[in-house]
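J.: This is what each chain is made of:
Protein chains: 2
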Amino acid sequence: MKLSDRKKKILQIVVDEYITNAQPVSSKNIAQNYMQDVSSATVRSELNALEEMGYLSQLHTSSGRVPSIEAYKLYVSELMDKGKLTGKELSQIKSAFARQSGNMEEVVRNAAKVISELTDYTSIAVAAHDEDDVIEKISIFPFKEDRALLLVVTDRALIRDKFIAIPPDMTEEQLESANRLVNRTFKGKRLGEVMEASLAAEEQFASYKAIFDRVIDAISDYVNDKSGSVVMAGEDKILNHPEYAEVDKMKNFLSVVTSRDKIANMLSDDNDIEISIKIGGEDKNIPDDCSLVTATYSAGNVKLGTYGVIGPLRMDYQKVVSVLEGVGKILEDMVNKK
Amino acid sequence: MKLSDRKKKILQIVVDEYITNAQPVSSKNIAQNYMQDVSSATVRSELNALEEMGYLSQLHTSSGRVPSIEAYKLYVSELMDKGKLTGKELSQIKSAFARQSGNMEEVVRNAAKVISELTDYTSIAVAAHDEDDVIEKISIFPFKEDRALLLVVTDRALIRDKFIAIPPDMTEEQLESANRLVNRTFKGKRLGEVMEASLAAEEQFASYKAIFDRVIDAISDYVNDKSGSVVMAGEDKILNHPEYAEVDKMKNFLSVVTSRDKIANMLSDDNDIEISIKIGGEDKNIPDDCSLVTATYSAGNVKLGTYGVIGPLRMDYQKVVSVLEGVGKILEDMVNKK
DNA sequence: GTCAGCACTCTAACGCCTCAAGTGCCAACT
DNA sequence: AGTTGGCACTTGAGGCGTTAGAGTGCTGAC
Chain Z
4 MKLSDRKKKI
14 LQIVVDEYIT
24 NAQPVSSKNI
34 AQNYMQDVSS
44 ATVRSELNAL
54 EEMGYLSQLH
64 TSSGRVPSIE
74 AYKLYVSELM
84 DKGKLTGKEL
94 SQIKSAFARQ
104 SGNMEEVVRN
114 AAKVISELTD
124 YTSIAVAAHD
134 EDDVIEKISI
144 FPFKEDRALL
154 LVVTDRALIR
164 DKFIAIPPDM
174 TEEQLESANR
184 LVNRTFKGKR
194 LGEVMEASLA
204 AEEQFASYKA
214 IFDRVIDAIS
224 DYVNDKSGSV
234 VMAGEDKILN
244 HPEYAEVDKM
254 KNFLSVVTSR
264 DKIANMLSDD
274 NDIEISIKIG
284 GEDKNIPDDC
294 SLVTATYSAG
304 NVKLGTYGVI
314 GPLRMDYQKV
324 VSVLEGVGKI
334 LEDMVNKK
Chain F
4 MKLSDRKKKI
14 LQIVVDEYIT
24 NAQPVSSKNI
34 AQNYMQDVSS
44 ATVRSELNAL
54 EEMGYLSQLH
64 TSSGRVPSIE
74 AYKLYVSELM
84 DKGKLTGKEL
94 SQIKSAFARQ
104 SGNMEEVVRN
114 AAKVISELTD
124 YTSIAVAAHD
134 EDDVIEKISI
144 FPFKEDRALL
154 LVVTDRALIR
164 DKFIAIPPDM
174 TEEQLESANR
184 LVNRTFKGKR
194 LGEVMEASLA
204 AEEQFASYKA
214 IFDRVIDAIS
224 DYVNDKSGSV
234 VMAGEDKILN
244 HPEYAEVDKM
254 KNFLSVVTSR
264 DKIANMLSDD
274 NDIEISIKIG
284 GEDKNIPDDC
294 SLVTATYSAG
304 NVKLGTYGVI
314 GPLRMDYQKV
324 VSVLEGVGKI
334 LEDMVNKK
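Chain order of the listed sequences is Z and F. Numbering-wise (the numbering used here), the first sequence opens with residue 4 and increments by one. Numbering-wise (the numbering used here), the second sequence opens with residue 4 and increments by one.
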């Protein structure tokens, strides 16, 4: 069904109003503040039509209208004005990334923090890492008789450290030569390759099989563990929004938000879409009554990660989208310049 | 002022009842369920006396009594029965630590998780680390032209990794010899010594001053940064407790709990007390209406960290203390056996 | 298609009432 | 002196009717 321009305009007004005030929107309000050329009665009949089409609903017969999930979807895809960041906000983003040490996790943490602060919603972020990362260097760093720290550097400047056990009968010299061998074998390979190569390697380096197995295990764990690198910020921001005033809703939200696994599931899907907005029960991983807005950044063909915001349906999508775009731009600039 | 035995008994009953039911306790309740040998009128006059002494208060004239902060203090120090863990709980703790890789941070995370699960409160934990740790090994691990990862192994099996910048004109060979020199210089030293030694070292190793400075800076940062190693679990558990049903209180609590700095301040004080209970506004770092119960564990003379629980004043101290003791015992066993 | 006017519906707020819980106090008892 | 039953008093919670106000739907006129 096609909406007339006036219906679209009215729908946009309703969503905008509801987003800013969290109150049902009345025909009088619309006519007085946004459409002086028509009367409230006219607006009413339009609202009535929009309600029949499923875009609006009323809590009771004499309340104003509230947008439906359909309305939000239409809003973000067609109706919403593009927001613009103020200079102040831009410089706030810039300064958040000013002191960087090349540690990917730090970048992710800073991004999550600044996104949460600017949007006033809970933000989530996950550093991209996948099978296509190319290994640049591996180091096995012994630190107790039976333990070593495994370090893997990939082309994405991402360091991953994991503890592995050293076979008890292995001397330090043996370990060093195993280290050299591991490096020679895996350098330049994709992480995915390493995982698949496990069987082929087995024959070749029988004497260091134990070490090789552990390195491969560690890399597999890393690639498969999506929840490990999830970072959040502003978990308490959610309380600023009236839809979570009831303890039950709060609790539901917090239990999702404090579970890294659930978050990881939400973010895992579409790593190639630039900005994605998922609403309500659309996706089974996203709790009802929640919206998830995410952006996936990359510099050149290197993925930098997925960043986003989770909050009520009645979310300030304009603001969130513009903040995510702003952060993306600055992040990509930063990486490219470097 | 000295309390009669009966007053103590009544006060204990009031606190116990209030902890389990979150409802003001009436004289009738006490007389019927706990003290059949006296009438409710007698209990009433005792309650009245306790109220005048400041241990109890009423919300309004016709409500039962509620313990005051003083009452909680007395309760935990004198009145409270010692709790006992069930076999099931003990084995739950054991299995939480079953798979350990020697990574201190993992131990801390597991401890926080199991404490939160068993007590149903939000738990916080911080791995001990201080100036008395002895350096066993240092490694500077270059991974990009201008960046390196600094690894420090101490006697507490704690690995700390930090990124440092490499001076641009430094070759890989120079870096390696700097690495050897750093190791020779700092091995066996306490972290605190390294920090103080900075000036003395300056003269001696002028050529590698830049590297030395950065290592010393990194170690200083580590020793001074108490918030970095704070771990939490069960942040949403707080919602299970009725005192946080109001959004304002919730918000206050969550804003404290989501700030690592604030948590670190709370835990920083008394690293040498075995089990400490801090209540309400007693300590300015602890938010009003909150109790913090912490335990500091050590095996031999090696500190393992500080673990604790934060929750409402009306906290099940018995349970919390016994869980903390149980975790401590198992943790220390584990470390000693190893 | 628009609109003023009006009847209708529903909520929120208020006051009123009653009920039940719990206290404080007192006079009587041990 | 301590304990107790009895009783008056206070208070919050909940039910109920009323009212005011916001907002709608509808209708007949333009």
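Worth flagging that the hints you see were computed from the coordinates, not collected in a lab. Among the clues, some could well be false.
Claimed, not checked - Label-pair ranges, simulated between beta-carbon atoms:
1) Z:Asn243 - F:Glu109: 52 to 58 Å
2) Z:Lys332 - F:Glu109: 55 to 61 Å
3) F:Asp228 - Z:Gly191: 17 to 23 Å
4) F:Lys190 - Z:Ser258: 46 to 52 Å
5) Z:Ser43 - F:Thr23: 21 to 27 Å
6) Z:Lys332 - F:Gln95: 47 to 53 Å
7) Z:Asp291 - F:Ser258: 21 to 27 Å
8) Z:Glu81 - F:Asp224: 37 to 43 Å
9) F:Thr23 - Z:Met56: 51 to 57 Å
Just so we're clear, the structure is a prediction, and the values are computed from it rather than from any experiment. Quick reminder that beta carbons are idealized off the backbone N, C-alpha and C, glycines included.
J.: For a quick check of understanding: which of the numbered hints are violated here, in increasing order?
T.: 1, 2, 3, 5, 8
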